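Peer 1: Sequence:
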Amino acid sequence: MSEDSVTALVLARGGSVSIPKKNICHLGGEPLLTRCIRELKSAKCFSNIWVSTDDQSIAQVALSAGAQVHWRANFTATNEASSLCAVQEFLQQQKQCCVGTLCLVQCTSPFLEASYIRQGIKKIFDGIADSVFTVTRSHSLRWSEIDDYITPLNFCPSNRPSRQSWQGELCENGMFYMTSADAIVKTGLLQSGRCSAVIVDPEDSLDIDTPLDLFQAELILMARHMLSGLPPGAQCEKLKELCSVMAERAEGSGWEDSPNSEERTPDYHKLLEYGLNEKVSLKLDQIYQQGKLRHEDLDERALDALKEFPVDGALSVLKQVLDSNLEHVSNKSAYLCGVMKTYRQRKQYNDGNGSGSFNPCGSGPNEEKLRAILDRTGYTLDVTTGQRKYGGPPPNWDGPPPGPGCEVFCGKIPKELYEDELIPLFEKCGDVWDLRLMMDPLTGQNRGYAFVTFTSRSGADQAVATLDNYNIRENVALKVNVSIPNLRLFVGNIPKSKSKDEIQEEFANRTAGLVEVIIYSSPDDKKKNRGFCFLEYESHKAASLAKRRLSSGRLKVWGCEIIVDWADPQEEPDDDTMSKVKVLYVRNLTQATTEDMIKETFEQFGTVERVKKIKDYAFVHYDERDAAVKAMTSLQNSDLGGANMEISLAKPPSDKKKKEEILLKREKRLMQMLTQRGMPVPPAMMRSGGGMGGRGGRGGGGRGGGDYDYDYDYYGYGDYPGGYRDPYYEDYFRIDDFYYPPEYSHGGPPPPMGGPRYKPMPRSASWREALGAEGRSYTHNSIITNNPRTLGSPREGVVKPAVSLTGAHNLSHSNHCHPHTTGAAKIH
1 MSEDSVTALV LARGGSVSIP KKNICHLGGE PLLTRCIREL KSAKCFSNIW VSTDDQSIAQ
61 VALSAGAQVH WRANFTATNE ASSLCAVQEF LQQQKQCCVG TLCLVQCTSP FLEASYIRQG
121 IKKIFDGIAD SVFTVTRSHS LRWSEIDDYI TPLNFCPSNR PSRQSWQGEL CENGMFYMTS
181 ADAIVKTGLL QSGRCSAVIV DPEDSLDIDT PLDLFQAELI LMARHMLSGL PPGAQCEKLK
241 ELCSVMAERA EGSGWEDSPN SEERTPDYHK LLEYGLNEKV SLKLDQIYQQ GKLRHEDLDE
301 RALDALKEFP VDGALSVLKQ VLDSNLEHVS NKSAYLCGVM KTYRQRKQYN DGNGSGSFNP
361 CGSGPNEEKL RAILDRTGYT LDVTTGQRKY GGPPPNWDGP PPGPGCEVFC GKIPKELYED
421 ELIPLFEKCG DVWDLRLMMD PLTGQNRGYA FVTFTSRSGA DQAVATLDNY NIRENVALKV
481 NVSIPNLRLF VGNIPKSKSK DEIQEEFANR TAGLVEVIIY SSPDDKKKNR GFCFLEYESH
541 KAASLAKRRL SSGRLKVWGC EIIVDWADPQ EEPDDDTMSK VKVLYVRNLT QATTEDMIKE
601 TFEQFGTVER VKKIKDYAFV HYDERDAAVK AMTSLQNSDL GGANMEISLA KPPSDKKKKE
661 EILLKREKRL MQMLTQRGMP VPPAMMRSGG GMGGRGGRGG GGRGGGDYDY DYDYYGYGDY
721 PGGYRDPYYE DYFRIDDFYY PPEYSHGGPP PPMGGPRYKP MPRSASWREA LGAEGRSYTH
781 NSIITNNPRT LGSPREGVVK PAVSLTGAHN LSHSNHCHPH TTGAAKIH
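Residue numbers (UniProt numbering): 1 to 828.
Errors might be hidden in some of the hints.
[Said to hold, decoys possible] Here are the simulated lysine to aspartate or glutamate pairs, EDC-like style, with alpha carbons at most 16 Å apart:
| no. | residue 1 | residue 2 |
| --- | --- | --- |
| 1 | Lys-630 | Glu-646 |
| 2 | Lys-528 | Glu-561 |
| 3 | Lys-599 | Glu-538 |
| 4 | Lys-412 | Asp-440 |
| 5 | Lys-630 | Asp-596 |
| 6 | Lys-186 | Asp-147 |
| 7 | Lys-613 | Asp-596 |
By construction, these hints were calculated from the structure, which means they are not laboratory data.
Please read these numbers as outputs of a predicted model, since none were measured by experiment.
Please model the complete structure; the sequences and the hints are all you need to start from.
Peer 2: Rendered as C-alpha cells:
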C-alpha cells in the first residue's frame with residue numbers, strides 16, 4: 001500500500017437536527033467544512049478528498065474549498081442512518097477510486113489539525129496499527145447507574161486517585177477514524193485489528209452539536225487570537241477584559257450600537273482597515289459567511305478595484321457575485337474584476353444604468369450531467385466572465401500540448417447550450433484535450449462558438465467530418481472546421497537601422513514566449529530592415545498577450561510608437577491547385593531591376609506572357625507550367641541586377657470578398673488603437689467613394705484600376721479560416737483585470753463605441769510625428785481615396801498623408817512573403 005492511496009471522506013448531510021446545516025455554519029468567518037478541508041489539504045497526505053452530502057449548498061462549499069463531492073443515497077442521509085452505513089455506500093459507489101486507506105473525518109470538530117492527521121497516517125504506514133482514531137485523555141471519575149443506585153466504574157472510593165498520580169482514561173472524540181477500505185468491507189467496522197490512537201489535546205477536543213457549542217468554539221478562537229504571543233500573566237488580564245466586554249453586551253449596553261455585529265466575521269474589520277466603504281465591507285462579509293468567497297480568495301488588485309468603484313456599483317456587483325454559481329470559478333479575484341468591468345460596460349450601453357437582472361455565469365448547464373462528466377473524466381472546469389474552459393491538460397497528461405491541426409472551431413452553437421451537451425458530442429470523435437466555450441459577459445450567455453482541441457489530428461479531422469452541419473437542434477446545424485492558431489505578429493514603424501539580433505533582444509525583453517524574428521532587408525542595402533518585422537511566438541496565447549502589451553500605447557520601442565497587428569496566416573492551397581500554377585513569384589529584386597530585364601532572363605526557358613514588378617518582387621507569367629518549373633529550378637538564387645533572386649510558385653489569388661473583410665477588420669483595429677491612444681483618426685481613414693471600388697465594383701479605387709486578372713497586391717494571400725481573426729476571440733486569453741494596475745494587465749479595454757473624445761492636433765504636428773513614423777510610408781489600398789476634399793487640392797502642392805495598418809507593407813507573411821505597396825499617397 002502506498003500513501004498515494006489514502007482517501008479522506010467527510011460526512012456532511014444537510015439534515016442535522018440541533019443546528020440546521022451545521023456543517024457549513026460559520027466559525028471564525030468561514031464554514032466549518034471549509035476549515036476542515038483546508039486542514040486536510042495542508043496535511044499533504046491524501047490522494048483524494050471527498051465530501052459525502054445530500055445538500056446542494058454544502059456541495060458548493062465543498063467544491064469551492066477544493067474537494068470532490070459524492071452525492072450520497074437518501075437512505076444514508078436520515079437521522080437514523082449511521083456513519084458506517086454512509087461510508088459503506090461511498091465505497092460501493094466509488095469503486096473506481098481504488099481506495100486503500102480511508103480517513104473518515106468529522107468537520108464538526110473545529111480544531112482538527114494537520115499534525116494529528118499525520119500522526120495517524122504514520123502509525124498506519126509504519127505498521128504499528130491496522131486502525132487509528134482520535135481520543136482525549138480524561139481524568140473523570142465515572143459511576144454506573146443500576147436502578148436507583150450507582151457504583152464506581154474506574155476507581156475505588158477508598159483509594160481515590162489524584163490527577164498527578166493517575167494517567168486517566170482515553171475517551172473517543174470522533175475527530176477522525178483511519179483504517180483500510182478492505183477492512184471496512186470485510187468486517188463492517190471502522191475499528192478492527194490492531195487499534196491505536198492519536199491523543200488530542202483537551203482544548204482541541206470540541207464537537208459542535210448545539211448552538212452553545214458553536215458559541216464556545218467562537219470564544220475559544222477569539223481568545224486564542226487575543227492571547228497569541230502574550231506571557232501567562234498578560235493572558236489572564238486580557239481574558240478579564242474579554243469577559244468584561246461580554247458581560248456589558250449581555251446586559252444590553254453594547255449590542256444596539258453595532259447592528260448585526262454578531263453576524264460579522266473577523267474579516268469585516270480587515271476590509272474596513274483596507275479602506276473599503278462600510279456598506280461594501282458588510283456586503284462582502286455576507287458573501288464570506290455564505291461560503292461563496294473567502295477573504296483569501298481576493299488579492300490586493302481586486303480589493304483596490306473594489307475600493308475605487310462607486311459604492312452603488314460595488315453593491316450591485318457584489319449582489320451579482322452572490323447570485324452567481326462560482327462552483328467552477330478558480331480565480332475569483334479576476335472573476336470579480338471581470339464582473340466590475342461588465343457592470344461598467346452595461347452602464348455605458350444602457351445610458352448610465354448598470355443594474356438589472358444579470359448573471360455573469362448565465363443560466364448554466366445541467367449541473368447533474370456536468371458533474372457526472374467531470375467525475376467520469378477527472379477533467380476540471382474553469383469559468384470566467386469571458387469563457388468556460390473544460391480540461392487542458394487532461395488528467396495524467398505528461399506530454400507536450402497538441403500541435404497545429406488538432407483544434408477545431410465550432411460555430412452556430414445555440415445560446416442556451418453548454419458543456420453538458422457539447423462534451424459527449426465531441427468525445428465521440430476522439431480524446432478531447434480541452435473545450436473552450438466563449439461567453440458574452442454582458443448577457444451571461446455563450447457567444448455561439450467554441451474551440452475544441454483534441455489530443456491528435458485524427459480527432460479534429462473526425463470532428464469536421466462528422467459534426468460539420470450536424471443538427472444540434474431542429475433546424476440548427478453546427479459549423480465545424482479545423483482552426484489554425486495565429487502565432488505571428490506584424491510590427492511596423494521600427495527604425496530601419498536595427499538588426500535582427502537587436503530586434504530579437506528588444507522584443508524578448510518586453511514580451512514572453514518569443515521564438516523568432518523575421519525581417520526583410522532591402523536588396524539595395526542589406527544592412528537595413530524595411531521598417532517592419534514579424535514576431536513569431538510559441539503559442540497563440542503568448543502572441544495574444546504580446547499583442548495586448550505592445551499595442552497598449554504605453555510602450556515605445558526605441559522611442560517609436562509601433563504599429564502592431566496580427567500577421568495574416570495563410571491557408572495553403574492543395575496540391576491539385578498548385579499543380580496548375582504557371583506563375584512564378586520572384587523576390588529580392590533591386591530597384592534598378594526592370595520588367596524588361598526580368599522578362600529577358602526568364603524567357604530563355606519558355607514563352608513569358610507578361611511580367612509584373614512591384615517594388616522588390618515580381619510575378620512572371622508563363623504559358624506553360626513546365627517552363628515555369630524549369631525556370632524556377634534553374635534560376636533559383638542566381639544573380640540579377642546585383643542581388644540573388646528567390647523564386648517560388650505563386651499561390652492563386654484569394655477570394656476578393658473575403659480579402660476585403662480582412663481589410664475592413666484590420667482597418668477597424670487600427671482605428672480602435674489610434675483612438676485608444678488619444679489620437680485623431682487620419683482623414684484617409686474616413687472612407688470615401690474610392691477604397692475598394694464600392695459594391696459591385698472591380699476594386700479599382702485607390703489602386704487606379706489596373707490588371708484585374710491577377711490581384712498583385714495580394715497574390716498568394718488567402719483568408720484565414722477558423723475564427724481566430726474575429727477581434728472578440730482575444731477574450732479567450734484576456735485576464736479579466738481591466739481595473740488592475742498596468743503592471744498586472746495586458747492592455748486596456750476597447751474604447752466606448754464612437755471612440756473617446758480627443759483634442760485637435762496642433763497645426764505644426766504631422767501624422768508622421770503622431771505615429772513616430774520616422775519618415776516611413778503608411779498606406780492601405782482599402783482606405784486611400786483620390787477625393788480632393790480628403791487629400792487636399794492639387795494646387796496647394798500638398799498631398800495629405802494616409803495612415804493605415806500596414807505600414808507600407810502587407811501584414812501577411814508566409815515562406816514567400818512579400819511587402820505590400822499600392823502606389824497611393826505616402827507620408828514623406
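Peer 1: Each hint: holds or not?
Peer 2: Here's how the hints hold up against the structure:
The suggested pairing of Lys-630 with Glu-646 holds, with an alpha-carbon distance near 14 Å, which does not exceed 16 Å. A distance of roughly 19 Å separates the Cα atoms of Lys-528 and Glu-561; the hinted pair therefore is violated under the 16 Å criterion. Of the pairs offered as hints, the one joining Lys-599 and Glu-538 is violated, with about 41 Å between alpha carbons and a cut-off of 16 Å exceeded. For the suggested pair Lys-412 and Asp-440, the alpha carbons sit about 14 Å apart, so the restraint of at most 16 Å is met.
Of the pairs offered as hints, the one joining Lys-630 and Asp-596 is violated, with about 20 Å between alpha carbons and a cut-off of 16 Å exceeded. Proposed proximity of Lys-186 and Asp-147 is contradicted: the alpha carbons are some 39 Å apart, above 16 Å. With a C-alpha separation of about 10 Å, the suggested pair Lys-613 and Asp-596 falls inside the 16 Å cut-off, and the hint holds.
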